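Participant: Keeping their order, the protein sequence lines are chains D and G. Residue numbers for the first sequence follow my numbering, beginning at 159 and rising by one. Residue numbers for the second sequence follow my numbering, beginning at 159 and rising by one.
Warning: the hint list may mix true and false statements.
No distinction is drawn between identical chains; accordingly, a pair holds when it is met within one copy or between any pair of copies.
[Stated by the list, open to error] DSS-like cross-link-like pairs, simulated, lysine-lysine; straight-line CA separation at most 27 Å:
no. : residue 1 : residue 2
1   : Lys314    : Lys360
2   : Lys308    : Lys429
3   : Lys364    : Lys308
4   : Lys364    : Lys314
None of these hints come from the bench; they were simulated from the model. Keep in mind it's a predicted model, so treat the numbers as computed, not measured.
Protein chains: 2
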Amino acid sequence: MKIGIVGLGLIGGSLGLELRSRSYEVFGVSRSEETCQVALECGVADRASTELALLASTEAIFICTPLGAIIPTVQQLIPSLMPETILTDVGSVKTPIVEAITPLWSNFIGGHPMAGTAQQGIHAAQRDLFAGAPYILTPTEATPTEATQKLAEIVKSLGSTVYFCSPQHHDRAVAWISHLPVFTSASLIAACCHETDSTVLKLAQKLASSGFRDTSRVGGGNPELGVMMGRYNRQALLRSLFQYRQSLDQMIEYIEEENWLALRQILETTKAARSQFL
Amino acid sequence: MKIGIVGLGLIGGSLGLELRSRSYEVFGVSRSEETCQVALECGVADRASTELALLASTEAIFICTPLGAIIPTVQQLIPSLMPETILTDVGSVKTPIVEAITPLWSNFIGGHPMAGTAQQGIHAAQRDLFAGAPYILTPTEATPTEATQKLAEIVKSLGSTVYFCSPQHHDRAVAWISHLPVFTSASLIAACCHETDSTVLKLAQKLASSGFRDTSRVGGGNPELGVMMGRYNRQALLRSLFQYRQSLDQMIEYIEEENWLALRQILETTKAARSQFL
Chain D
159 MKIGIVGLGL IGGSLGLELR SRSYEVFGVS RSEETCQVAL ECGVADRAST
209 ELALLASTEA IFICTPLGAI IPTVQQLIPS LMPETILTDV GSVKTPIVEA
259 ITPLWSNFIG GHPMAGTAQQ GIHAAQRDLF AGAPYILTPT EATPTEATQK
309 LAEIVKSLGS TVYFCSPQHH DRAVAWISHL PVFTSASLIA ACCHETDSTV
359 LKLAQKLASS GFRDTSRVGG GNPELGVMMG RYNRQALLRS LFQYRQSLDQ
409 MIEYIEEENW LALRQILETT KAARSQFL
Chain G
159 MKIGIVGLGL IGGSLGLELR SRSYEVFGVS RSEETCQVAL ECGVADRAST
209 ELALLASTEA IFICTPLGAI IPTVQQLIPS LMPETILTDV GSVKTPIVEA
259 ITPLWSNFIG GHPMAGTAQQ GIHAAQRDLF AGAPYILTPT EATPTEATQK
309 LAEIVKSLGS TVYFCSPQHH DRAVAWISHL PVFTSASLIA ACCHETDSTV
359 LKLAQKLASS GFRDTSRVGG GNPELGVMMG RYNRQALLRS LFQYRQSLDQ
409 MIEYIEEENW LALRQILETT KAARSQFL
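With the hints as constraints, model all of the structure from the sequences given.
Facilitator: Dropping the structure here:
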């Protein structure tokens, strides 16, 4: 089976390595001639090109571009495709993508592999990136069952655990566990930087250790990704942020009122609840 | 030199192991007969007792009880002490401790080793716990210089890096990097638990991975410690929480207004600022 990949970065590159090892024939497209060359040298693709026309004969295509480029890429790609070709993407937000592409291509199924590393680019590509990781597919009522089944088989061959849900459920779920943490964590760093007493600020910088390191990690990550989360998952993210502010206000209120019993109860609840997420 | 330790848990036990390896003679006191037995067996102390009177001949004493027991312990201890004995504690909040004990004992110096593990109790005690870790001492203007120097020498012998600051500066600094993260992190878990759509909640629980794990870690920790932070460092913690709420509101405002340029700028600032803490 011939599989196309558009965008040969960490995710696209790792998909190529893994799919080729499962005997799929992989056709890779990148905007960069150099990346195409690396893709061939590193075994990411059997054939590579800067032209989308390379994918004309493929049966399934993974769009692995940044979030903002997914819809324009599909629009450019469509004229070259066979009508039965399955299209999917790997974007971390699904509702706007699925809403825009479904009217253009009935064999489109939104996807989101929950895998990654701190690195980016084709040189970071690795096999086993998807092994044991959740991979969400968001078919709609109008999606042909056969297309969904075919794509699910490919995804399972990566070693991923496949979950099916609606684009809206996906976006609300990732708003909680992936997007909200970025902004609560970034707010922590931003707040600390507002310390006006330089003795305290310098001392805080010297004393920060594992607690601060972990809590601030995702807030100190790629700014571009954070903006994309806000831009494409704005509604679900704001919903989570508003609830977060309420939960924070509750904590502040207990501390202001010196209601230590209530504070202990809420901290016992959060301790117990965390294990249900991990 | 004879050193006393009251409270033989993770910190007290590790202090005992380390100090004995540096040829100090260690006298340990625990409320529990069993812990005293373990302390002798594991090499935490040369002598151990449930009676504070054991410490009558020691030259320096580390109070390693939980925060709430430090002041009462010192009050009970004082009648047994030689006037030149140096007293110190290892509590994570300094202002209320220093304010209460300084009038009772002039050779008291507040202390805070920034070291720990997820475990508790004497069985978790380990050598090298303090190696390379910051250890803050908070002498006041009234503290005899000789006492501070003697204590600093003992602390340096643990391999720690000693910092001197006022109790107030200490409390504000740890409010930022140690106490605030507990409440921002606990609020994250609490907010997620408010999801009323069970499909979304279950999906979020299945999809949570490293970002959620790190950001929620300290919020899912020991509730007792969180309450102690609120109770003993209430003023500095509230000061940090109020600033945090402002920083969070700023992020929310940018997302509501779709001001992506400002959002990107703030995320670039937090990315750059984080490295100054770690």
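Participant: Determine for every hint whether it applies to the structure shown.
Facilitator: Going down the list of hints, with the structure as the test:
1. Lys314 to Lys360: between (50 Å within a copy, 21 Å between copies)
2. Lys308 to Lys429: neither (41 Å within a copy, 41 Å between copies)
3. Lys364 to Lys308: Between. Shortest inter-copy distance 23 Å satisfies the 27 Å Cα cut-off; intra-copy 54 Å does not.
4. Lys364 to Lys314: Answer is between: at 17 Å across copies they meet the 27 Å cutoff, but 46 Å inside does not.
Checked against the numbered hints given earlier, this structure breaks only hint 2.
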